[in-house]
Amino acid sequence: MKLLFDFFPILLFFAAFKLADIYVATGVAIVATIGQIAWLKLRGKAVEPMQWASLGIIVVFGGMTLLFHDETFIKWKPTVLYALFAIGLLVAPRFTGKNPLRSIMGAQVQLPDPIWQRLTLAWVGFFACMGVLNLVIAYSFPLDVWVNFKVFGTLALTVVFVVVQALWIGRYAEDTQA
-6 MKLLFDFFPI LLFFAAFKLA DIYVATGVAI VATIGQIAWL KLRGKAVEPM
44 QWASLGIIVV FGGMTLLFHD ETFIKWKPTV LYALFAIGLL VAPRFTGKNP
94 LRSIMGAQVQ LPDPIWQRLT LAWVGFFACM GVLNLVIAYS FPLDVWVNFK
144 VFGTLALTVV FVVVQALWIG RYAEDTQA
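137 is the number that this note's numbering gives to position 144 of the sequence shown; each next residue is one higher, with no gaps.
Honestly, I wouldn't trust all of these hints.
To be verified - Each pair of labels, with its calculated beta carbon distance range:
| no. | residue 1 | residue 2 | range |
| --- | --- | --- | --- |
| 1 | Val53 | Leu160 | 32 to 42 angstroms |
| 2 | Ala166 | Trp32 | 27 to 37 angstroms |
| 3 | Val84 | Trp161 | 36 to 46 angstroms |
| 4 | Val129 | Asp106 | 27 to 37 angstroms |
| 5 | Asp106 | Phe61 | 18 to 28 angstroms |
| 6 | Leu33 | Val155 | 33 to 43 angstroms |
If you are wondering where the hints come from, they were derived from the structure by calculation, not from laboratory data. Small disclaimer: the values here were computed from a predicted structure and weren't measured. Don't be surprised by glycine CBs; every beta carbon is placed ideally from N, CA and C.
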């Protein structure tokens, strides 16, 4: 359910795009993301930093898309979000003294420090590649292809990356339990 809840705004964006156009879809994504955060707050649940970042970026870039009636801004939204994630993973340890991935996943898996660092760098690389790939698709293909990639392509690539990562982590997690 959490996964579906997290993808709720993008699914509504996709449906609105198919039924109307990019501007209606952008407005729907803004409202859905605001509604998602409001729902969490009303239920007394914590809003994760990633969700706050996503809200800010969709409001700013989606708002500029609607204000200037220019789809370029919404096309840049994923790249900006990926860049923030990559930068956050790189910078957070310098301010907090903690590896952000270890803070998130440390209760589920025990890994040596160098592996946590490699894992973090892998995620930084993944986010950087996804940001560049988003721009390549946005500027090389029609809008419909970009929307399909944004919804399905990014999901598929993320799932593949997570599976490969899980297989790689498994080698080291078993070693720490032995």
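Hint check results:
no.	hint	verdict
1	Val53 x Leu160: 32 to 42 angstroms	37 angstroms, holds
2	Ala166 x Trp32: 27 to 37 angstroms	34 angstroms, holds
3	Val84 x Trp161: 36 to 46 angstroms	24 angstroms, violated
4	Val129 x Asp106: 27 to 37 angstroms	35 angstroms, holds
5	Asp106 x Phe61: 18 to 28 angstroms	47 angstroms, violated
6	Leu33 x Val155: 33 to 43 angstroms	23 angstroms, violated
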